[in-house]
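Those sequence lines, one after another, are chains Y and A. Its first residue numbered 1, the first sequence is counted upward by one per residue in my numbering. Its first residue numbered 1, the second sequence is counted upward by one per residue in my numbering.
Worth flagging that the hints you see were computed from the coordinates, not collected in a lab. Hints may be right or wrong, so weigh each one.
Stated by the list, open to error - With a straight-line Cα cutoff of 25 angstroms, these simulated SDA-like cross-link-like pairs (lysine to any residue) come out: (1) A:Lys540 - A:Ala529; (2) Y:Lys2 - A:Asp617; (3) Y:Lys2 - A:Gly65; (4) Y:Lys40 - A:Val37; (5) Y:Lys2 - A:Asp107; (6) Y:Lys40 - A:Ala58; (7) Y:Lys40 - A:Arg61; (8) Y:Lys2 - A:Ala619; (9) Y:Lys275 - A:Gly688; (10) A:Lys21 - Y:Ser101; (11) A:Lys21 - A:Arg585; (12) A:Lys122 - Y:Gly138; (13) A:Lys21 - A:Ile589; (14) Y:Lys40 - A:Asp607; (15) Y:Lys40 - A:Thr264; (16) Y:Lys2 - A:Arg120; (17) Y:Lys275 - Y:Asp295.
Said to hold, decoys possible - Sample of chain Y residues lacking proximity to chain A, with all beta carbon distances greater than 10 angstroms (derived): (18) Gly153; (19) Gln183; (20) Trp186; (21) Leu221.
Every residue gets a Cβ at the ideal spot worked out from N, C-alpha and C, and that includes glycine.
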Amino acid sequence: MKPFAYERADETARAVSTVAGSHGHATFLGGGTNLVDLMKLGVATPERLVDVTRLPHAEITETKYGGLLIGAAVRNSDLAVHPLVRERYPVLSEAILAGASGQIRNMATIGGNLLQRTRCPYFQDVSKACNKRAPGSGCPARHGEHRELAIIGHSEHCVATHPSDMAVALAALGAEVHVHGGQGLWSIPLTDLHRLPGEMPQRDTILAPEDLITHVELPPLPLARNSRYRKVRDRASFAFALVSLAAAVEVDGGNVADCRIAFGGIAHKPWRARKAEETLRGRPATPDAFGAAADAELADARPLRDNGFKLLLARNLFVRVLTDLVDG
Amino acid sequence: MAEVATRAIGAPVRRIEGRAKVTGAARYAVEHDPGEVAYGWIVQAQVARGKITDIDDAEARSQPGVLHVLWHGNAPRLEEVSDAELAVFQEPRVAYRGQIVAAVVADNPEAAREAARLVRVKVHEEPHDVGLRADHPHLYKPDKVNPSFPSDTDKGDVDAALARAEVTIDHTYSTPAYHNNAMEPHATLARWDGDRLTVYDSNQGAAAHRAPLAKAFGLEPEQVRVLAEHVGGGFGSKGTPRPQMIVAAMLARISGRAVKLPVTRQQMFAFTGYRTPTIQRMRLGATGDGRITAIEHRVFEQTSQIREFAEQAATPTRVMYATDNLRTSHRLVRLDVPTPSWMRAPGECPGMYALESAIDELALAVGIDPIELRIRNDADAEPDSGKPFSSRNLVACLREGADRFGWADRDPRQRQRDGRWFIGSGVAASTYPAYQRDAEATARVQPDGSFRVGIAAADIGTGARTALTQIAADTLGVPVERVRVDIGDSALPRAGVAGGSMGTSSWGAAVAKACEALLAEMERGGSEAHADTKAEIEAKKDLARHAFGAQFAEVRVDGETGEIRVSRLLGVFAAGRIVNPVTARSQFIGGMTMGMGMALFEESVMDRRYGDYLNHDLAQYHVPANADVADIEVAWIEEDDPELNRIGTKGIGEIGIVGTAAAIANAVHHATGLRFRALPIHLDGLVGAGT
Chain Y
1 MKPFAYERAD ETARAVSTVA GSHGHATFLG GGTNLVDLMK LGVATPERLV
51 DVTRLPHAEI TETKYGGLLI GAAVRNSDLA VHPLVRERYP VLSEAILAGA
101 SGQIRNMATI GGNLLQRTRC PYFQDVSKAC NKRAPGSGCP ARHGEHRELA
151 IIGHSEHCVA THPSDMAVAL AALGAEVHVH GGQGLWSIPL TDLHRLPGEM
201 PQRDTILAPE DLITHVELPP LPLARNSRYR KVRDRASFAF ALVSLAAAVE
251 VDGGNVADCR IAFGGIAHKP WRARKAEETL RGRPATPDAF GAAADAELAD
301 ARPLRDNGFK LLLARNLFVR VLTDLVDG
Chain A
1 MAEVATRAIG APVRRIEGRA KVTGAARYAV EHDPGEVAYG WIVQAQVARG
51 KITDIDDAEA RSQPGVLHVL WHGNAPRLEE VSDAELAVFQ EPRVAYRGQI
101 VAAVVADNPE AAREAARLVR VKVHEEPHDV GLRADHPHLY KPDKVNPSFP
151 SDTDKGDVDA ALARAEVTID HTYSTPAYHN NAMEPHATLA RWDGDRLTVY
201 DSNQGAAAHR APLAKAFGLE PEQVRVLAEH VGGGFGSKGT PRPQMIVAAM
251 LARISGRAVK LPVTRQQMFA FTGYRTPTIQ RMRLGATGDG RITAIEHRVF
301 EQTSQIREFA EQAATPTRVM YATDNLRTSH RLVRLDVPTP SWMRAPGECP
351 GMYALESAID ELALAVGIDP IELRIRNDAD AEPDSGKPFS SRNLVACLRE
401 GADRFGWADR DPRQRQRDGR WFIGSGVAAS TYPAYQRDAE ATARVQPDGS
451 FRVGIAAADI GTGARTALTQ IAADTLGVPV ERVRVDIGDS ALPRAGVAGG
501 SMGTSSWGAA VAKACEALLA EMERGGSEAH ADTKAEIEAK KDLARHAFGA
551 QFAEVRVDGE TGEIRVSRLL GVFAAGRIVN PVTARSQFIG GMTMGMGMAL
601 FEESVMDRRY GDYLNHDLAQ YHVPANADVA DIEVAWIEED DPELNRIGTK
651 GIGEIGIVGT AAAIANAVHH ATGLRFRALP IHLDGLVGAG T
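Please model the complete structure; the sequences and the hints are all you need to start from.
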C-alpha cells in the first residue's frame with residue numbers, strides 16, 4: 001500500500017486545519033474498519049491520516065430537550081448498548097447490531113460509520129472502471145453485476161448503495177449532524193448529509209474533506225420508543241442489506257398519528273420515506289394502507305436488470321415492519 | 001508394572017495440537033522465523049487473454065526497500081512441469097485474468113505491495129471467451145475425468161428405455177463456480193542454502209509438493225524439503241502445488257534471502273483453484289411404481305487454456321441406483337479462465353446435487369415417498385461396473401435418518417405454514433468412494449520407552465494427527481500419551497496427500513503396519529521398523545468400495561421477504577469405522593455446513609466483460625455464518641467391513657458435503673412448491689411467494 005504518515009489529533013481545530021491544508025492528501029481516520037481496507041486495496045491513497053478517535057467527541061449525553069448528543073468518536077458497540085438508546089430509540093440499537101460483526105462494531109466510530117464507502121464490487125477493485133473511484137471511467141455495474149445495488153435515485157453514472165445500517169435508523173429519527181469544518185461550526189439534517197450520485201458519484205456526501213463530523217444529535221421523539229429495524233440480507237449475519245427498513249410509528253384510535261420511516265440498501269443514501277410518511281399520517285393503520293404508502297414511496301423506483309426483486313421486497317418489508325409495530 | 005492398554009480407536013481423544021493452535025504456539029507456513037527475511041508480492045494480469053509486450057518495473061524498483069522485480073523477461077528458466085499453472089514467468093502469454101505476471105521482493109511487505117502496484121504491465125489484449133454454456137461450439141470429450149475415470153459410460157439402451165418409460169424426468173441443473181476458502185490462505189516461506197531448498201508451505205501433502213518443486217528447479221528430490229506441520233484448511237485447493245510456491249522459491253533464490261509470500265484472499269479467487277461451474281442434464285425413466293429403468297447424466301463444465309481439469313460430476317450416478325440402462329458423459333470447454341481444481345468432493349458434490357434433485361422430482365412424479373423411492377432402487381452391485389460392494393448401507397442410513405428426523409410425521413403436501421413462514425423438509429443421499437493409496441511409515445521405540453512414528457501425512461485441521469496417534473497407540477498397545485506421530489515433512493516416509501477422504505485409510509494402514517513391524521522387531525531386540533503398504537493394496541479384491549449417507553433438511557421460507565432459514569440438518573453416514581467420534585463429528589458438520597453454503601450462499605460471480613471473479617473476498621463471497629447454522633445433527637452407522645484396509649475406515653472428509661444442497665433444495669420445494677434448478681437459491685425468486 002501507498003506509504004502514509006499518521007498523526008493522532010488531540011485538538012479538533014488543528015485536525016481540521018491539517019486536513020484543510022493538505023490539498024486533499026490528508027484524511028480523517030476513525031476506527032479504520034473501512035478506510036484501512038480501502039487503502040490496502042489501493043482504492044484510497046491518502047498521504048496522511050489524522051486519527052480523530054482521541055478527540056473529545058466520545059461521549060453520549062442527554063440534551064436538555066430530552067434528546068441525545070452522540071460524539072462522533074463513540075464506538076458503534078457502545079452506542080448500541082446505551083440504556084437511553086435502547087429505551088428511547090430501539091431502532092437505532094437494532095440497526096447498529098444488524099451491521100458488521102462484534103469486532104468491527106467495537107472499532108467503528110459513529111462518524112466513520114456515516115462516511116463509509118459503498119461496497120459495490122467495482123468500486124472496490126482498482127483493476128476495473130468505476131465513476132465513483134475514477135470519475136469518467138464508466139459504471140460497469142449498471143449493465144453488469146448489480147443485484148445488490150440501487151433501485152431508486154441512481155444515475156447513469158452510478159448505481160451504488162450506501163452500506164450503513166446505522167445511518168438508516170438515524171435518517172428515520174431525524175438526526176442532526178454537527179460539523180466542525182474549515183468554515184467553522186455548522187450542522188445539517190442527516191438526510192441532507194449524503195447525496196444522490198447524479199453527475200458526481202465521486203462525492204458521497206456534501207462534506208468537504210476537512211469537514212469533521214463531531215456529533216450526531218437525536219431530537220426528542222417519543223414515538224421512537226415504538227420503533228424497529230429489520231434487515232434482509234443473503235445470510236443471517238455479516239452481510240450488507242439487500243433491503244432494510246427503519247420505522248417508528250404512533251397509532252391513535254386506529255389511525256397513524258405520526259411515523260418516521262427510512263429504507264436502506266436501495267439507494268446511494270439512506271432513503272427517508274417522506275412520501276410514505278405523508279401518505280400514512282391520519283390514515284388507518286392497516287396493511288392495505290401500509291402497502292399503499294410503500295407504493296407511493298417506491299413509485300419512482302427504477303430497478304436494474306437483476307435487482308427487480310428488491311422492489312417487492314421493499315414493499316413487503318415495509319408492510320411487515322409497520323404491521324408488527326402497530327400490533328405491538 | 002503391567003500396563004493396561006485402553007482402546008484408543010473409537011474413543012473421543014482430544015485433538016493433540018489443539019492447545020498449541022488456540023494459544024498461538026502452532027506455527028503456520030509464513031509464521032516461521034527463518035532469520036533475515038524478505039517479502040514477496042504478486043502482480044496479476046488485468047486482461048483475460050493476451051500477450052505481454054513489455055513490463056515497466058522502473059518505478060517499482062526505485063521504491064525504498066525493493067530488492068527485485070521478477071517477470072518473464074528476467075526470471076530464471078524453469079524445467080518443464082506437468083501443471084502449466086506452475087510455469088510462472090516463462091512466457092509472455094496471459095491465459096486468464098488474475099494470472100501471475102510479475103512479482104516483487106522487498107524488505108517489508110508494505111514496500112513489496114506498493115511496488116507491485118507500481119509495476120506497469122503492457123499487454124496486447126485479445127478477445128476472450130469466459131462463458132460456459134451447454135451448446136458451446138468448442139465442447140470436447142476429455143480422455144478421462146478426475147482422477148482417472150472414463151469420461152463416458154453407456155450400459156444397456158438408455159434411449160429405448162426412456163422411450164418406453166411410464167414416467168420420465170428431464171431437467172437441467174446448474175451450479176456456479178465455487179471457491180475453496182480455507183481459513184489460512186495459501187502461503188509459502190522459501191529459503192535456499194546453497195543448492196538446497198527448504199519451503200514452509202500451507203499444503204495438503206509435503207511429499208506431493210516436493211517432487212514438482214524439485215523438478216521445476218532442476219533439483220533432485222533430496223535437495224528439497226517441504227514442511228507443513230500445521231495447515232489452516234485446504235478443501236482440496238492445497239492438494240497440488242500452487243504457483244506462489246514457485247514464485248517464493250524464485251524470489252528467494254534471486255534475493256539471497258528467505259522469502260515469505262502469503263497469497264491474499266482476493267488472489268485466491270484467481271490462481272489457487274476453484275470448483276468449475278456445471279450444467280447437468282438429468283434424464284430418468286421409471287415405471288409407474290417407481291422402479292428406475294434408465295438414467296442419463298450429461299455434464300458440461302469448463303477448464304482453462306493451460307491445463308485440463310475435468311471434474312467427475314457424473315461418476316456418483318455410476319454408483320447410486322440400480323438400473324439396466326445407464327449413460328453418463330462429461331464435456332469440457334477450454335475458456336480464458338483460471339484452471340478449476342479440487343474442492344471438497346470434486347465430482348460427487350455437484351453431481352449428487354443434480355441426481356438427488358432429479359430423484360426428488362421423480363418421487364413426486366410417481367407419488368412415492370422420496371425415501372421409499374430410494375430404497376426401492378437400491379443397488380445390489382455397483383450399477384455401472386457390476387462389481388459387488390464391499391459394504392453398502394444407504395438404506396440403513398435412510399431409515400435411521402427417517403427415525404431421527406421424524407420423517408414419518410411429515411405431511412407430503414407442499415406449502416405448509418407457520419404464520420408467514422413456509423415450512424418444508426427434504427432428503428437426499430450421500431456417497432463418496434473409499435479410496436486407499438499406498439504409503440510408508442516408520443516407528444521406533446525411544447530410550448524412555450515412548451514411541452515415535454513418522455509419516456509425511458498432513459493434518460489440515462481434520463484431526464489426522466490425532467487419528468494416526470490413536471491407531472499407533474492401539475497397535476502398540478500403549479496409551480496415546482506414549483506415542484508421538486510426526487507428520488507434515490517431506491523428509492518423513494512417503495505418503496499421499498490429504499485428499500480423496502483417504503488420509504486415515506492410507507496413512508493409518510502404513511502406521512499400523514509399521515507399529516506391528518516394530519513390535520516384532522522389539523521381540524528381536526530391535527528398536528525401529530519401516531513399513532510400506534504397496535503390496536497389500538495391490539492384493540485387494542476387485543470390489544466397489546464406497547461410503548454412503550442420508551441427509552435431511554428442514555427449511556423455513558418467509559413468504560413475504562423470501563428469506564430462507566435452515567432450521568434443521570441431519571446427516572447419517574455409513575463410512576466404515578469411525579476412529580475418533582469428536583473429530584469425525586466436526587468433519588461431518590463442517591461438510592454439511594459447506595453444503596449449506598453451496599445451496600444458499602456461495603457463488604463466485606464473474607462479470608464476463610472482465611473475466612475474473614468479482615466477489616473475491618469474504619464480505620462478498622458468502623460462506624455460512626454461525627447465525628445461519630441453527631441445528632445440525634450427525635449420526636453414523638458402524639460398519640465392520642473387512643475388505644477396506646487394516647483400519648476398516650472409508651473416509652469422512654468429503655461425504656458430509658455430498659447431498660446437502662439437494663436436501664435443502666428439495667426442502668425449499670416442499671416448503672414453497674417452487675423448484676430451483678440453479679444454485680445458489682437466493683431469496684430473489686421467493687419474495688412474495690406467500691401472496
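Hint check results:
Proximity of Lys540 (chain A) to Ala529 (chain A) is assessed by CA-CA distance (about 24 angstroms); at most 25 angstroms being required, the pair is judged to hold. Distance check on the hinted pair: Lys2 (chain Y) and Asp617 (chain A) sit about 21 angstroms apart at the alpha-carbon level, within 25 angstroms; holds. With a CA separation close to 13 angstroms, the supplied pair Lys2 (chain Y) and Gly65 (chain A) stays within the 25 angstroms bound. A distance of roughly 22 angstroms separates the Cα atoms of Lys40 (chain Y) and Val37 (chain A); the hinted pair therefore holds under the 25 angstroms criterion.
The hinted pair formed by Lys2 (chain Y) and Asp107 (chain A) meets the criterion: a straight-line CA distance of about 15 angstroms does not exceed 25 angstroms. As the CA atoms of Lys40 (chain Y) and Ala58 (chain A) are separated by approximately 22 angstroms, the hinted pair is consistent with the 25 angstroms bound. Between Lys40 (chain Y) and Arg61 (chain A) the alpha-carbon distance is near 20 angstroms, which keeps this suggested pair within the 25 angstroms criterion. Only pairs whose Cα atoms come within 25 angstroms are accepted, and Lys2 (chain Y) paired with Ala619 (chain A) is accepted, the gap being roughly 23 angstroms.
For a cut-off of 25 angstroms, the pair hint linking Lys275 (chain Y) to Gly688 (chain A) stands: about 23 angstroms separates their Cα positions. Of the pairs offered as hints, the one joining Lys21 (chain A) and Ser101 (chain Y) holds, with about 23 angstroms between alpha carbons and a cut-off of 25 angstroms not exceeded. A distance of roughly 19 angstroms separates the Cα atoms of Lys21 (chain A) and Arg585 (chain A); the hinted pair therefore holds under the 25 angstroms criterion. This hinted pair checks out: Lys122 (chain A) and Gly138 (chain Y) have alpha carbons roughly 21 angstroms apart, not beyond 25 angstroms.
For the suggested pair Lys21 (chain A) and Ile589 (chain A), the alpha carbons sit about 20 angstroms apart, so the restraint of at most 25 angstroms is met. Pair hint Lys40 (chain Y) plus Asp607 (chain A) holds up; C-alpha atoms about 23 angstroms apart against a cutoff of 25 angstroms. For the hint linking Lys40 (chain Y) to Thr264 (chain A), the alpha-carbon distance of about 11 angstroms falls within 25 angstroms, and the restraint holds. Only pairs whose Cα atoms come within 25 angstroms are accepted, and Lys2 (chain Y) paired with Arg120 (chain A) is accepted, the gap being roughly 16 angstroms.
Between the alpha carbons of Lys275 (chain Y) and Asp295 (chain Y) the distance comes to roughly 9 angstroms, so the proposed pair stays at or under 25 angstroms and holds. Residue placement check: Gly153 (chain Y) keeps its beta carbon more than 10 angstroms from all beta carbons of chain A (closest about 21 angstroms). Non-interface call for Gln183 (chain Y) relative to chain A: holds, since the shortest CB-CB distance, roughly 35 angstroms, exceeds 10 angstroms. No beta-carbon of chain A is positioned within 10 angstroms of the beta-carbon of Trp186 (chain Y); the least distance is around 34 angstroms.
At roughly 27 angstroms, the least C-beta separation between Leu221 (chain Y) and chain A is larger than 10 angstroms, which holds for a residue marked as non-interface.
The earlier numbered hints are all upheld by this structure, with none contradicted.
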